[in-house]
Amino acid sequence: MWLFVLGVGSIEPSAQWLNYPTPGIPRLPGGAPNLKAPAPRTPDGKPDFSGMWFANTPSRDFCKEKDCIQEERMAREQINLGIKLKDGLPYTEWSKEQMKTRRANGGREDPHAYCMPPNFPRAWTLPQHSRIVQTPGMMVVLHEFNAAYREIYLDGRPLPVNPNPTWNGYSTGHWDGDTLVIETNGIRDDMWLDIQGSPITESARVTERLTRVNFGLMQIEISVNDPKAYTRPWSATIEMALIVDTQMLEEICMDNEKDTRLYKK
Amino acid sequence: MTNRLPHLVICLSVCLALAPAAWAHHSQSEYDLKGKVEVEGAVTKVEWRSPHAWIYVDVVNDKGETVNWSFELPSPVTLMRRGWTRDSLKPGDRVKVTGAPARNYPSIAIANFIRDDKGKPLFTGTTKVNESESASTPSR
Numbered sequence: 001m002w003l004f005v006l007g008v009g010s011i012e013p014s015a016q017w018l019n020y021p022t023p024g025i026p027r028l029p030g031g032a033p034n035l036k037a038p039a040p041r042t043p044d045g046k047p048d049f050s051g052m053w054f055a056n057t058p059s060r061d062f063c064k065e066k067d068c069i070q071e072e073r074m075a076r077e078q079i080n081l082g083i084k085l086k087d088g089l090p091y092t093e094w095s096k097e098q099m100k101t102r103r104a105n106g107g108r109e110d111p112h113a114y115c116m117p118p119n120f121p122r123a124w125t126l127p128q129h130s131r132i133v134q135t136p137g138m139m140v141v142l143h144e145f146n147a148a149y150r151e152i153y154l155d156g157r158p159l160p161v162n163p164n165p166t167w168n169g170y171s172t173g174h175w176d177g178d179t180l181v182i183e184t185n186g187i188r189d190d191m192w193l194d195i196q197g198s199p200i201t202e203s204a205r206v207t208e209r210l211t212r213v214n215f216g217l218m219q220i221e222i223s224v225n226d227p228k229a230y231t232r233p234w235s236a237t238i239e240m241a242l243i244v245d246t247q248m249l250e251e252i253c254m255d256n257e258k259d260t261r262l263y264k265k
Numbered sequence: 266m267t268n269r270l271p272h273l274v275i276c277l278s279v280c281l282a283l284a285p286a287a288w289a290h291h292s293q294s295e296y297d298l299k300g301k302v303e304v305e306g307a308v309t310k311v312e313w314r315s316p317h318a319w320i321y322v323d324v325v326n327d328k329g330e331t332v333n334w335s336f337e338l339p340s341p342v343t344l345m346r347r348g349w350t351r352d353s354l355k356p357g358d359r360v361k362v363t364g365a366p367a368r369n370y371p372s373i374a375i376a377n378f379i380r381d382d383k384g385k386p387l388f389t390g391t392t393k394v395n396e397s398e399s400a401s402t403p404s405r
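Here the protein sequences come in this chain order: A and B.
The numbering used here puts the first residue of the first sequence at 1, with every later residue one more than the last.
The numbering used here puts the first residue of the second sequence at 266, with every later residue one more than the last.
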């Protein structure tokens, strides 16, 4: 769980609302957020996933010294979404060739490096934060990277047939008890699932099962059925930590992107 | 976090190549991460913009020439969450910067440490991680 150094009891004017207490959340006697409190529910009794979330599976630190400015924690699954699978992701021969090329190029073809949109489900694992806004008929997921959004319809509509492929595809959700099951199709044919370049294609059907374990923790089981890229369906579970007492910060990648120029020699 | 170890071993060959240090929006393969740059000079410009902040530092080399170095920093978003502000470094500030050089470009590097001219760390802010919260969950 990421917590930011806060002074909940003392609100001082500062840049934005980086350390501003989130109202209406359960707190411990000392004022700290009670992240082990039960998951909140909407008026209709469904679990409420609303809030700001960050992948809660930090990888190792590359810089050990205290003043290393590159200290940054990121989800292991950001590197390899199948990292917890015993045999790894079941790549097809086509996928293996894609991976070989992408690896040989040092990951320089990663759409993310070129400031392309944060495509889900990959976006859950990125270092930027997501914010879920849940209403009875729709869940909206906002993302800091490029100030992006994703719509998940909860109004019972079917998935589209032969839709125009997009970065996030088309998503509908339904409830399985306290788990929200999100189905997605219509993903573009050339998307990456992680830094190492695991592909996801237009043939994919993605199922995300969201469970809010408690107030501070959400699990997402990501299941991918993509016969072009994988020999069989597979699932990976990631954990998301609730981020409170701060705010979303926009990160518009094209604002001052200067790394891809360094690829060119 | 003993359960990290197997994953890290599996990950080593790929991750070291593709995901060093503070990967934020690119693979960093443009930098020689085993190389080291250490310079001292005066900040001439700060670019506090996404996806990465950059600082520029005038450095006098062995020949007495002034070279303006470019150093890539984490994103302003990451830095702000660690307590930095857009005014934390200003033109004229004397700094010692340690980092990894760009593979094919002289005087461009990614910064790992920024200290004052006496070697004192200028920034030590960090985000806090409550590992027990994660380790106690059913999926692990």
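To be clear, the hints were calculated from the coordinates, so they are not data collected in a lab.
Being a predicted model, the structure only gives us computed values, none of them experimental.
Using N, Cα and C, we set each Cβ at its ideal position, and we do this for glycine too.
Careful: at least some of the hints might be erroneous.
To be verified - Once the Cα atoms are required to be at most 30 Å apart in a straight line, the calculated DSBU-like pairs of lysine-lysine come out as: (1) A/K66 - B/K310; (2) A/K258 - B/K299; (3) A/K96 - B/K328; (4) B/K328 - B/K299.
Stated by the list, open to error - Now the stretches of chain B that chain A is said to cover, found in silico as 3 or more residues with beta-carbon under 8 Å: (5) 309-322; (6) 330-339; (7) 356-370.
Violations among the numbered hints, reported as their numbers in ascending order: 3
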